[in-house]
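Residue numbers (this note's numbering), protein chains in the order written: chain B, 1 to 87; chain P, 1 to 331.
No wet-lab data here; the hints were simulated from the structure.
Among the clues, some could well be false.
What the hints assert, rightly or not - Pairs of lysine-lysine residues, derived as DSSO-like cross-links and limited to a Cα-Cα distance of at most 30 Å, are as follows:
id : chain 1 : residue 1 : chain 2 : residue 2
1  : P       : LYS287    : B       : LYS80
2  : P       : LYS16     : B       : LYS80
3  : B       : LYS43     : P       : LYS16
4  : B       : LYS43     : P       : LYS289
5  : B       : LYS80     : P       : LYS289
6  : B       : LYS51     : P       : LYS29
7  : B       : LYS16     : P       : LYS50
8  : B       : LYS80     : P       : LYS3
9  : P       : LYS59     : P       : LYS2
As the list claims (entries may be wrong) - Rough simulated footprint, nothing fancy, chain P against chain B, three-plus residues with beta-carbon under 8 Å:
id : region
10 : 24 to 32
11 : 35 to 41
Given the structure is predicted, the values throughout are model-derived calculations rather than measurements.
For each residue, glycine too, the CB sits at the ideal point set by N, CA and C.
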Amino acid sequence: MFVILVYDVNVKRVAKVLKTCRRYLHWVQNSVLEGDITEANLKKLKVELMKIIDKEEDSIIIYILRTTKYSARQIVGLNKGGENLFI
Amino acid sequence: MKKTLYIFTNGQFHRKDNTIYFETEQGEKRFIPVEDTGEIMIFGEVDINKRFLEFLSQKEIILHYFSHYGYYMGSFYPREHLNSGYMILRQAEHYIDENKRLSIARLLVEGAGKNILRVLKYYKARDKKVDNSIVTIETLLGTIATCNDIPSLMAIEGNMREAYYKAFDEIIELPDFIFENRTRRPPKNYLNTLISFGNSLLYTICLGEIYRTHLDPRIGFLHTTNFRRFTLNLDIAEIFKPLIVDRVIFSLLGRKMITTDDFERGSEGILMKDRAKRCFIEQMEEKLKTTIKHREIGRAVSYRRLIRLELYKLEKHLMGEKVYEPFIATW
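Given these sequences and hints, build the entire structure.
Here it is, written out as structure tokens:
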């Protein structure tokens, strides 16, 4: 499945959250990552994130798309990152 | 399914923040999610350190590297994570016992031949004159059962391919891409270059799938096991070459996505330029991702998955659970 993850966490923890997410998803913009992920890996990622964040203060939203067939992705302005299998 | 990463740019690989980090010569930095990476194929000039290799091994990621000329050079095949002495013994047993080996090899050749026929019949239906090749291959297929040793089986396989490649000119219909005859190391014309490139890609993909099973890539059945290279991936690739590689080549040429401008003549024969390699790989990835409805399983299965399923069937055969049946396309 395809997910879009956005986070809004205290500056003290952004680096940690970003590092964790980067292992599973492609960085797109500040505080936004996306990519294909398996259900198991999503669970793992969530558990890891839960350990880092402060549930009283931080917020992470994960949008889950079973398929990207009906969605389109448009970029206005700079293309900062995303998935690319060719470098 | 985990992704394959292709590197064409020059740069450096690092392990950073427990994930893969690539920095190009131009200083462009990029993080790649490890958990979503299955294989890395390197075409550019890349610096690697042991720390990085250690990390790949831990994450069970294979690294394949290709020479400056685009030829397969080797793989960093990490420590076996799916270790099975039992399976190696079964594999060896089926290799040493001439009859057992022959029965698997026969099935592999039969599978390859039938898939070749499938491709040719598709073009026959589109009014291409491929009848001669079809007849030759059908007669050759009939002789498999009477074939009593591996070399003659290899000969049948070779003759089938020859008849098959003869039909290529008829199918492609481009004077720039005539086949003449099969030349390798180095390929002597454009079409041969494409075939070689596609085949070596498929070999590495099969190797990657073998790594994810308990099978040992060193013990092949049709191809003779030797001291030099992996052979099981060559066996499995035989079945899928017509379905994947050749079809990709036909569509690349049919849609004029690759033209003669995409090649250059080097001391190592005719070489593809980077643009053409990328284009080829993109189409191949596209193909591997497409799904078909699998008759037995009853759900959609990608081509890449089909390769793995083929290996599972082989495992079952080796364990004596179910006789191996090669995958034969019905479309």
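A quick look at each hint next to the structure:
no., hint, result
1, P:LYS287 <-> B:LYS80, "28 Å, holds"
2, P:LYS16 <-> B:LYS80, "20 Å, holds"
3, B:LYS43 <-> P:LYS16, "23 Å, holds"
4, B:LYS43 <-> P:LYS289, "25 Å, holds"
5, B:LYS80 <-> P:LYS289, "26 Å, holds"
6, B:LYS51 <-> P:LYS29, "28 Å, holds"
7, B:LYS16 <-> P:LYS50, "25 Å, holds"
8, B:LYS80 <-> P:LYS3, "21 Å, holds"
9, P:LYS59 <-> P:LYS2, "12 Å, holds"
10, 24 to 32, "holds (count 4)"
11, 35 to 41, "holds (count 4)"
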